[in-house]
Amino acid sequence: MNAYAPILVLGAIAAAFAVGSVAMAALTGPKRYNRAKLDAYECGIEPTPQPTGGGRFPIKYYLTAMLFIVFDIEIVFLYPWAVSFDALGIFGLVEMVLFIATVFVAYAYVWRRGGLEWD
Amino acid sequence: MTLAAAIPPIPAPHIEYLQLSPMLAVFGAALVGILAEAFVPRRHRYATQVGIALAGLAASFGLILYLAQAGYATTKADLAAMGAVAVDGPSLFLQGVITLVAVVAVLQFAERRLEPRSGAGAAVDAFAPEAAAVPGSDAERRAATSGHATTEIYPLTMFAVGGMLLFPAASDLLTMFVALEVFSLPLYLMCALARRRRLLSQEAAVKYFLLGAFSSAFFLFGLALVYGYAGSVQFGQIARVVEGTATVTPALANTTGNDALLLIGLAMLGVGLLFKVGAVPFHMWTPDVYQGAPTPVTGFMAAATKVAAFGAMLRLLYVAFPGLAWDWRPVLWGVAILTMVAGAVIAVTQTDVKRLLAYSSVAHAGFILTGVIALNQHGIGAVLFYLAAYSFVTLGAFAVVTLVRDADGEATHLSRWAGLGRRSPLLAAVFALFLLAFAGIPLTSGFTGKFAVFQAAASGGAMPLVIVGVLSSAVAAFFYIRVIVLMFFSDPRADGPTVAVPSALTGTAIALGAVVTVVLGVAPEYFLHLANQASLLVR
Amino acid sequence: MHQSVLLAAEDLSFFGRDPWWLVLLKAVFCFAFLVLTVLIAIVWERKVVAWMQLRIGPNRHGPWGMLQSLADGVKLALKEDLVVTAADKVVFVLAPIVSAMPAFMAFAVIPFGPADHEISIFGTRTTMQLTDLPVGILFILATASIGIYGIVLAGWASGSTYPLLGGLRSAAQMVSYEIAMGLSFAAVFLYAGSMSTSAIVDAQTHTWFAALLPVSFVVYLVSMVGETNRAPFDLPEAEGELVGGFNTEYSSLKFAMFMLAEYINMVTVSAVASVMFLGGWRAPWPITAFWAGANHGWWPMLWLIIKIQLLLFVFIWLRGTLPRLRYDQFMKLGWKVLIPVSLVWLVLVATVRALRNEGHNFGNVVLWVGGAVVVLVLLSVLFDMLRPKKDGAAGVPAGPAPFDPMAGGFPVPPMPGQQLPAVPRRPSRVENDQTTVPALKGDDGAY
Amino acid sequence: MSFPLLTVTTVVPAVGAILTAALPPATNTRSRDRNKVVPLAFSLATLVLACVAIARFQPHGARFQLTENHSWISQFGIGYSVGVDGIAVVLILLTTVLVPFVMLASWHDADPVVDDSGTFERNRRTQGFFALILAVEAMVVLSFEATDVFLFYVFFEAMLIPMYFLIGGFGDRTKGEDAKQRSYAAVKFLLYNLLGGLVMLAAVIGLYTKTHTFDLVSITTSLQNGTLHFSPVVENALFLGFMFAFAVKAPLWPLHTWLPNAMGEATAGVAVLITAVVDKVGTYAMLRFCLQLFPQASKTFAPAILVLSVIGIIYGALLAVGQKDIKRLVAYASISHFGFIILGIFALTSQGQSGATLYMVNHGVSTAAWLLVAGFLMSRRGSRLIADYGGVQKVAPVLAGTFLIGGLAILSLPGLGPFVSEFLVLVGTFERYPALGIVATAGIVLAALYVLVLYQRTMTGPVKPGNEAVGDLKARELVVVAPLIALLLVLGIYPKPITDIVNPSVNQTLSQVGRTDPAPHVVNAIGGGQ
Amino acid sequence: MNPVNYLYLAALLFTIGAVGVLVRRNAIVLFMCVELMLNACNLALVTFSRLHGNLDGQIIAFFTMVVAAAEVVVGLAIIVSVFRTRHSASVDDTNLMKL
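Protein chains in written order, with the UniProt record's numbering: chain A, 1 to 119; chain B, 1 to 539; chain C, 1 to 447; chain D, 1 to 530; chain E, 1 to 99.
Please keep in mind that the hints were generated in silico from the structure rather than gathered at the bench.
Hints are supplied without guarantee of correctness; some may be wrong.
From chain A, some residues computed to sit far from chain E (all C-beta separations above 10 Å) [stated by the list, open to error]:
hint : residue
1    : 19
2    : 37
3    : 77
Here are the simulated lysine to any residue pairs, SDA-like style, with alpha carbons at most 20 Å apart [stated by the list, open to error]:
hint : chain 1 : residue 1 : chain 2 : residue 2
4    : C       : 75        : A       : 27
5    : C       : 336       : A       : 103
6    : C       : 79        : A       : 70
7    : B       : 76        : B       : 61
8    : D       : 210       : D       : 222
9    : C       : 79        : C       : 67
10   : C       : 79        : A       : 24
11   : D       : 180       : B       : 492
12   : D       : 210       : B       : 467
13   : D       : 464       : D       : 388
14   : C       : 332       : A       : 68
15   : C       : 336       : C       : 325
16   : A       : 60        : C       : 67
17   : D       : 210       : B       : 461
18   : A       : 60        : B       : 82
19   : D       : 474       : D       : 486
20   : C       : 47        : C       : 67
21   : A       : 60        : B       : 139
22   : C       : 332       : A       : 72
23   : D       : 394       : D       : 462
24   : A       : 37        : C       : 80
25   : D       : 299       : D       : 435
Among chain B residues calculated to face chain A with C-beta under 7 Å, some are [what the hints assert, rightly or not]:
hint : residue
26   : 9
27   : 10
28   : 12
29   : 15
30   : 18
31   : 28
Idealized CB from N, CA, C, for every residue including glycine.
Start from the sequences and build out the full structure, keeping to the hints where you can.
Now the structure itself:
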């Protein structure tokens with residue numbers, strides 16, 4: 001039996017549980033219609049209408065996403081390297097240090113340019 | 001803990017750092033540039049960055065010369081870095097051209113006398129004061145008045161140049177793809193950095209980016225398919241598999257038989273490259289991007305990208321797929337004809353100088369393609385020479401465009417150029433020279449280049465192509481002449497644009513362009529010799 | 001697979017060969033274990049926090065309020081299940097499922113015992129682990145990041161401001177801390193030479209990685225708290241700013257799903273922590289010293305559970321003790337401290353290990369590398385002291401910018417140094433009186 | 001090595017052009033005249049050199065004389081190799097003779113504007129004009145000398161640019177509509193010739209792929225000793241490619257349409273330059289390259305070309321009759337004459353070809369005389385319309401007289417130069433194509449018609465209002481006209497020196513084409529003509 | 001399961017992405033379609049590397065990931081800047097070019 005199969009089994013159980021309970025909530029819970037209840041909650045004030053697909057939000061989140069991608073890619077390369085580190089020897093070390101240094105250059109730039117500031 | 005023993009050590013690959021040094025120099029300069037960007041105080045950045053960039057390029061060019069002298073172009077030409085990079089004649093020649101082009105481009109980027117001084121009295125260049133600021137916002141206004149500048153342009157240029165150096169030298173598909181991206185991505189950004197008409201430039205960037213990413217995706221899928229066919233992305237290996245001289249492993253056996261993989265893959269690779277060179281029908285980005293991008297960047301793009309991309313195309317077609325010539329040549333015939341004709345014809349209707357130059361660059365892509373199709377050593381030499389000639393003409397032409405200005409930046413609409421010849425004969429004459437070179441009038445570099453590619457194509461048995469090329473260059477001549485007429489024989493408008501007096505930087509760029517144009521037109525012998533000498537692709 | 005062939009670091013021959021019923025059994029066990037742990041953990045948390053605040057805490061349901069969380073569950077099930085009109089219905093319903101499911105799945109590769117046929121269930125000898133993969137930890141990271149989708153989608157689909165911002169916040173902080181987490185793992189892989197959980201535990205036979213790689217361990221501890229949006233990093237549901245955060249618009253069992261997911265994630269990260277740094281199922285040192293059998297039979301499960309519970313207690317402890325960080329402080333911690341520290345640490349570890357593999361003397365290596373690090377630190381400090389403070393990096397003109405109430409298109413409060421524009425209003429009666437009174441006085445003076 | 005006479009002959013005007021262009025703008029009449037004397041001096045120097053060349057030329061010597069050979073772009077087998085045979089040397093002489101006259105004739109055409117306060121408009125217009133003329137001269141001379149196909153091609157093309165600026169940039173100073181007309185004419189000229197040139201480029205490249213050299217001599221020799229052989233298809237294609245360019249340049253019907261515009265818009269001097277000098281390159285090139293490189297194809301296509309040329313003769317003459325504009329009339333007349341020249345060339349008889357060569361000379365001189373005088377007239381009246389003139393001979397007898405002589409030369413009155421050449425051409429044609437000959441003869445009649453009608457309308461009759469003020473020729477203008485007329489007479493009465501120089505080359509050309517005359521030899525024919 | 005099916009899947013994904021780029025109008029969506037195409041390439045590469053029994057394909061896939069990431073960063077930067085300027089990410093609104 002494939003080593004991945006058990007994961008699927010567990011996933012199936014979890015899915016069954018989650019879907020089941022979400023569905024159950026619809027049955028068990030009472031239904032008392034009230035327009036106000038179906039409005040977006042905004043501490044009682046008239047909710048600001050949201051454009052479909054989410055409203056606008058600070059640009060910083062995009063920036064964070066980009067930075068995350070950069071470092072995530074770094075990690076993508078770090079893991080295989082780390083796992084077979086002993087086999088790679090000094091060459092692997094040097095190369096990876098160069099790689100990390102390169103990413104660090106970008107990191108330093110972002111830092112100095114206030115890319116990491118959340119005012 | 002005992003794993004070190006458990007795993008057999010992986011042999012460290014052998015990297016010929018000397019052969020790779022030109023690229024390493026440029027990339028190093030780029031990194032240093034970023035650090036400078038991070039740590040050098042703002043008021044010193046401009047000087048520092050320009051210095052770093054020029055130093056890096058100079059070092060790279062010097063190394064290239066050294067390698068060429070040491071015979072890496074001819075006798076010692078070989079694959080470096082485990083067969084990923086080919087250091088041979090074409091690579092070195094094109095790398096030399098690219099570095100020179102980059103030097104000229106950097107000079108133009110550094111030009112700060114054209115734009116009116118900022119509120120704080122600081123001289124500013126052609127790039128957005130603060131690229132992140134929304135156009136028209138207070139932030140931008142503040143940045144503009146305090147005379148900020150996007151000095152990141154220089155590291156970006158360095159990265160682009162690095163990628164371009166690698167692109168024609170790439171000797172396996174993966175390296176080629178990575179190089180493609182490495183020089184494309186900075187260009188996308190540089191397109192968006194115009195100081196004037198920022199919306200236009202940002203839109204240009206979006207278009208360029210989306211279409212570029214689209215085409216590179218095609219390239220990648222082609223890569224995947226070819227890999228699936230050949231079981232390797234190394235050009236030599238691919239060629240062997242295509243010719244059937246490779247030892248076919250049983251694992252390969254079930255895919256190598258499948259020519260669909262190979263043909264579709266090659267087609268997709270072709271799409272990627274043809275997009276980069278702006279050949280019809282993959283040219284639609286060219287006019288918009290050329291028009292929107294800051295003009296110095298446009299010049300750089302138009303010149304260097306073509307050089308790099310055609311170099312790569314040569315290597316791909318001549319080294320990896322000569323065995324398929326019967327399949328790709330007819331297609332390229334069609335593309336070349338389309339490109340020459342469409343480029344020339346559409347250009348006739350243009351009313352904007354930059355768009356006109358864009359379409360002319362499309363037409364020129366077609367001319368160069370005829371050289372590629374020749375599929376003989378003459379063809380390589382001719383293409384190399386043409387690229388060298390064309391790139392400098394282009395740089396010069398766009399440099400001239402930056403000088404013709406009015407209240408809101410460059411006056412690129414043709415009607416504004418009316419009577420320029422009366423107002424400043426010298427500039428108009430130089431521009432006319434460039435246009436004549438584009439048109440391929442004798443005694444200009446354009447003519448020599450055209451002659452070279454055409455006679456290569458003819459000797460390669462593509463005479464019809466030559467005739468089409470000649471005819472379309474006749475059409476093309478028409479709109480170049482039209483501009484000249486406009487400049488010389490129509491009365492200058494009262495509210496016409498002024499011709500800014502450039503600093504030595506742009507001056508050098510234009511002068512160099514003119515000199516190269518004339519020299520390659522009148523006494524091309526040495527350079528043709530060089531190009532022919534360099535026209536041996538290592539496999 | 002070629003990978004496992006080429007990097008033959010771990011021996012996974014024991015996995016993936018159980019009969020189907022046994023797999024089912026184990027899966028159910030994992031599921032039950034998680035749910036049970038959560039139920040206990042919630043009560044446990046409320047009790048502990050209460051004690052820390054000198055309260056009694058839940059004491060109505062069942063003995064000592066033991067059934068409190070069960071009652072909560074039932075109550076939630078009986079609540080009305082609202083779907084706000086502005087919501088994107090499908091995604092809105094999907095979100096809680098998406099966040100709950102991967103939370104469970106991550107647990108599949110946690111080893112409860114040695115990777116050989118330790119125990120026998122109904123006569124079948126098997127391992128005390130549902131399964132293991134050559135990329136076990138990657139799998140855990142993957143599921144964790146799928147969990148983020150659940151939260152973002154929840155915030156996005158609610159079609160309401162607070163959830164959107166809350167969802168974004170949690171996403172941002174999760175990704176930020178995921179990097180630090182991942183980097184801290186890298187060091188572990190480097191020592192274990194494998195990404196499979198069982199192999200990593202195996203590699204800690206002699207020393208726990210917590211001892212070998214203290215920095216990684218600390219970084220992981222911090223980032224695991226951030227990863228699970230727990231106090232003091234529970235900004236996504238910062239009541240003060242965002243009401244409930246991404247789950248504001250949720251009610252009934254959908255809400256419960258998010259809660260469940262959060263607690264399961266706590267359990268998972270604790271389990272991962274103990275696997276990667278605390279020797280996994282291995283008994284702590286003194287015990288093994290005098291009792292050889294501690295690591296055999298069913299015992300390992302005990303040790304693992306104890307470790308998990310201790311870590312859970314740490315979570316609770318933090319919540320009871322620490323105030324919530326401000327968002328910028330939080331991000332600063334993640335980006336400017338954890339990431340560089342773990343990167344540098346990784347390089348150090350790699351260097352030391354490489355030199356050791358080359359057969360240098362460990363002491364010298366440590367001395368040299370340590371010396372180099374110290375020099376670097378000193379240099380950086382020197383540079384920091386020498387370089388002119390406030391050079392034009394930010395490029396803003398000196399002095400606070402004039403206050404723009406709609407900076408960036410959003411209503412924003414004034415920054416320090418800015419003051420609100422005066423609100424035009426009629427002077428109050430009091431002021432009027434003050435202006436008129438002196439005049440009367442004057443009249444009086446005339447007398 | 002010997003003294004590079006031919007190179008010097010082209011370099012002198014080239015240098016002159018550069019120097020002239022570099023002269024500072026005129027500020028007063030003296031500096032203005034200086035700016036015009038300098039180029040004139042250079043053109044005269046060139047004339048002297050040309051005379052030296054023709055003196056050093058031995059008619060019965062080698063095929064090409066005064067040759068120089070240097071490698072230029074070895075990769076493409078391109079060399080800088082020049083040399084002259086009889087035909088070339090004569091035409092060089094013609095060019096160098098005409099240019100000074102053109103300069104003198106258009107002495108004031110490019111004068112800087114002087115406003116009321118007597119200050120000069122500061123620009124280099126004047127220098128530009130004369131520098132361009134010199135540049136054209138240099139290029140024309142070099143393309144006559146060139147014995148390297150590529151070298152010839154380059155200058156054949158390059159001469160377009162100065163011509164383009166001459167046509168488009170100068171002429172009557174009227175702004176607006178007229179200027180538009182002018183630039184239109186200039187562009188038409190450029191595009192026609194550029195198109196022709198580019199088609200030729202294709203042929204040139206094609207030729208190279210076959211021969212791998214551009215050296216005319218080596219190609220012809222290897223053609224003769226059979227080491228080189230074109231397949232008929234290739235040869236025909238290449239021939240057409242070359243012929244197209246030349247036919248555009250020397251306007252052969254139906255490719256002539258640019259000429260009336262160009263000559264109509266240009267100043268009289270420039271018009272002379274076009275028709276008398278530049279276009280000769282086209283006809284010369286047919287003789288030199290088409291015939292010698294592609295003998296078979298020449299024979300194949302000769303009839304067709306002859307037909308076209310005859311059509312051109314008649315067509316040009318007819319339209320000339322119908323013209324209202326003097327310059328355009330001259331233009332169409334020239335088209336007709338070029339018809340004769342091409343007729344002579346492709347009749348492939350020695351009379352025909354020597355006649356054609358002679359015709360080139362005569363046509364150059366006669367057109368120059370006629371058109372320049374007409375130019376003087378027009379410059380006085382400021383109009384080009386025939387209708388505006390009338391009875392001029394009463395107010396300006398000398399002008400009218402010279403104009404008449406020029407006209408008579410055009411209609412090839414016996415005793416004047418063109419008669420001999422036209423006679424030779426017709427004789428040569430009759431020998432092989434009697435029918436065409438007869439039709440062509442009709443051209444002479446029409447020529448008489450348009451010349452005389454023009455004279456009668458403008459010169460005779462009552463003095464039209466506005467013509468009273470027309471003054472007679474000034475000294476400068478006489479200096480221009482008199483020598484030309486003298487030349488016409490000399491050529492008409494005693495052309496032998498020229499024919500002696502030309503004939504050997506013609507025979508060699510024909511022998512290469514592989515045609516021999518069915519008739520007795522040229523010189524006797526001329527004797528008969530006397 | 002026959003790995004060739006993964007190739008078909010890859011081709012399918014690639015086509016979907018390509019069609020998406022051609023028919024959709026929102027820059028962000030176009031962008032995601034391009035990413036989809038890249039991932040299709042990855043799938044194909046990995047499948048081929050499995051078929052050939054050599055690791056090149058997987059390594060190429062790594063590089064592709066990097067490139068894709070770089071593209072994401074650059075692309076987001078550009079698109080967001082335009083988006084901020086003209087509150088719309090539709091490529092149809094980018095119409096200043098047609099002068």
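Hints and how they fare:
no.	hint	result
1	19	26 Å, holds
2	37	32 Å, holds
3	77	7 Å, violated
4	75/C with 27/A	14 Å, holds
5	336/C with 103/A	14 Å, holds
6	79/C with 70/A	44 Å, violated
7	76/B with 61/B	19 Å, holds
8	210/D with 222/D	12 Å, holds
9	79/C with 67/C	19 Å, holds
10	79/C with 24/A	11 Å, holds
11	180/D with 492/B	14 Å, holds
12	210/D with 467/B	16 Å, holds
13	464/D with 388/D	7 Å, holds
14	332/C with 68/A	14 Å, holds
15	336/C with 325/C	15 Å, holds
16	60/A with 67/C	44 Å, violated
17	210/D with 461/B	12 Å, holds
18	60/A with 82/B	42 Å, violated
19	474/D with 486/D	18 Å, holds
20	47/C with 67/C	12 Å, holds
21	60/A with 139/B	16 Å, holds
22	332/C with 72/A	18 Å, holds
23	394/D with 462/D	8 Å, holds
24	37/A with 80/C	10 Å, holds
25	299/D with 435/D	18 Å, holds
26	9	5 Å, holds
27	10	5 Å, holds
28	12	4 Å, holds
29	15	9 Å, violated
30	18	18 Å, violated
31	28	10 Å, violated
Of the numbered hints stated above, those contradicted by the structure are hints 3, 6, 16, 18, 29, 30, 31, listed in ascending order.
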